[in-house]
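So the chains spell out like this:
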Amino acid sequence: MRVLSWTRLEPVVLPIIGALLVIGLYGLLASSVANPLVLPPLGQIGDRLVAIFVDPTISVQFLDTLMRIAVGYVGGGLIGVVIGIAVGSGGWARDVVSPYLSFFRSVAPIAWVIPAAIWFGVGTPATIFVAGYAVVFPVAINTIAGLASTPVNRMRMAASAGAGRLARLVRIQLPSAAPYLLTGFRQAIAYAFMTTVGAEMVAATSGLGFLIYDARVLFDTGLMFAGILVLGALGYLADLGFLGLRRTVFRRFVGDAR
Amino acid sequence: MSAEVRVEDVSYTYRGSRVPVMEGIDFTIRSGEFFVLLGPSGCGKTTILNQVAGFERCTSGEITVDGKPVTSPGPDRTVVFQGDDSLLGWLTVRQNVAFPLTIQHLPKEERERRVESALSLVELSAHADKFPHELSGGMKQRVQIARGLSTDAAVLLMDEPFGALDAQTRSSLQVELGEIWMREQRTVLFITHDIGEALLLADRVGVMSSGPRAYLHDVVEIDLPRPRERDDAFYRTYQRLEQTLADAKARLGHGPSVAA
Chain A
7 MRVLSWTRLE PVVLPIIGAL LVIGLYGLLA SSVANPLVLP PLGQIGDRLV
57 AIFVDPTISV QFLDTLMRIA VGYVGGGLIG VVIGIAVGSG GWARDVVSPY
107 LSFFRSVAPI AWVIPAAIWF GVGTPATIFV AGYAVVFPVA INTIAGLAST
157 PVNRMRMAAS AGAGRLARLV RIQLPSAAPY LLTGFRQAIA YAFMTTVGAE
207 MVAATSGLGF LIYDARVLFD TGLMFAGILV LGALGYLADL GFLGLRRTVF
257 RRFVGDAR
Chain B
656 MSAEVRVEDV SYTYRGSRVP VMEGIDFTIR SGEFFVLLGP SGCGKTTILN
706 QVAGFERCTS GEITVDGKPV TSPGPDRTVV FQGDDSLLGW LTVRQNVAFP
756 LTIQHLPKEE RERRVESALS LVELSAHADK FPHELSGGMK QRVQIARGLS
806 TDAAVLLMDE PFGALDAQTR SSLQVELGEI WMREQRTVLF ITHDIGEALL
856 LADRVGVMSS GPRAYLHDVV EIDLPRPRER DDAFYRTYQR LEQTLADAKA
906 RLGHGPSVAA
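Going line by line, the protein sequences match chains A and B.
Under this note's numbering, the very last position in the first sequence is 264; numbers go up by exactly one each time.
Under this note's numbering, the very last position in the second sequence is 915; numbers go up by exactly one each time.
Since the hints were made in silico from the structure, they are not lab data.
Among the hints, erroneous ones may be present.
[Unchecked claim] Not the full set, but computed from the structure, chain B residues with beta-carbon under 8 angstroms of chain A:
| # | residue |
| --- | --- |
| 1 | Phe710 |
| 2 | Pro728 |
| 3 | Gly729 |
| 4 | Thr733 |
| 5 | Ser741 |
| 6 | Pro755 |
| 7 | Leu779 |
| 8 | Phe889 |
[Said to hold, decoys possible] Counterexamples of contact, computed for chain B against chain A with all Cβ distances above 10 angstroms:
| # | residue |
| --- | --- |
| 9 | Glu771 |
| 10 | Ser780 |
| 11 | Arg802 |
| 12 | Arg883 |
[Claimed, not checked] Under 7 angstroms between C-beta atoms, here's a sample of chain B residues computed to sit facing chain A:
| # | residue |
| --- | --- |
| 13 | Tyr669 |
| 14 | Ser686 |
| 15 | Ile758 |
| 16 | Pro762 |
Every residue, glycine too, gets a C-beta built ideally from N, C-alpha and C.
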């Protein structure tokens, strides 16, 4: 049967074997250390993992985090694209805005969490602000690079056809920059995850970050680990989904990456 | 659909440089004429084409199309670029050819009619739904030609359009272009450094000297019958033009480009 040929199964089977191996090794390590505060046993992590999804008081935390990441990501992404276009399409905006871009880019997003909490309120607003802040920069900077990389002959061709500035931006530059934008948005996923969780530890009373941080009070290392596992898995899935989009919806733009 | 192109006493100096790339370039392309600019690399022939297209401004002198001074790019002039990077990779061949017409807001039926006829003129109808990256180099250049022909542009500007192609594709496209031009009779400005290509296509050949301070050495009338064939008369003309080009490169009777 060709369906079950090894070359087809390999990419699925090998990672599973790898994962089982890692879990097995951890189990061995945990039982030899025999201190659930340092390395909780597999069973305890499994319990907490189930609880995150099943126990309504905990799954609320999970959903809170998801919502904050999503809003911060979309909002920050839109602002990033707008800033990227303003700076990248030349003209006066570049001279005015780009110094600020360099300035704010080197400030760690998490540094804004307390000011954001003061301005917008503790919890969800502050967290979303910080996540959005982290997303703006990779998106804006990649948008600028993408616009700049548009082949000059494409712009000339469009100008000869009678296309004005706006038409050239929308019909030539942005599609030409699409591979760069996708790269920026992909980087930004990880940034949104990291900053959201960080902000939740400092300035929120809900969310996975809060959960992980709060677990210290109960000495519940298993819950911490379960939270970390969920975050990693979410990030992984988001990246997979993103690659899927890249291969389907945006395929014709990416295949053009020259 | 053709227009007279006048290049009047045009000079060009790069900003910050004191030696002009070229100076005193003066010629007129008659309406409907196939005019070839031939010259060694670095003589500024692409710069002249870019100025006619409106992409670059002359330092001094003036360029007019049917009497109107050129100040910017516009739909009366269409360009076939040397490489294929002006093709839009996210659009099909058909959509690429339709691009200028879409920009110009032509009604759908008119647009479709023109695109199909341009595609069949360059024999690409069978490939209309492919994307540029699925095409060979020669096919990509034909897409560019079709894109130019689909518009009303009276002037077709071609900057070494076959320069990057292999010899065989190149010569078959030269023949095709000659046939298309005979049917369409638009004004063409064609840049090349290939003497054979110039002879196959041109009504007249402007021969430029080497630069800097390049000048128009001579304008040679090519009175070979069309369609052009590589016969004895062709090769006699070839040798004459070869000599003219050699003289132009050596700046014969004009002295060195930079005073010692």
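- Message: Run through the hints listed earlier and report the numbers of any the structure violates, in increasing order.
- Response: Violated hints (numbers, rising): 7, 8, 11, 13, 14, 16; every other hint is consistent with the structure.
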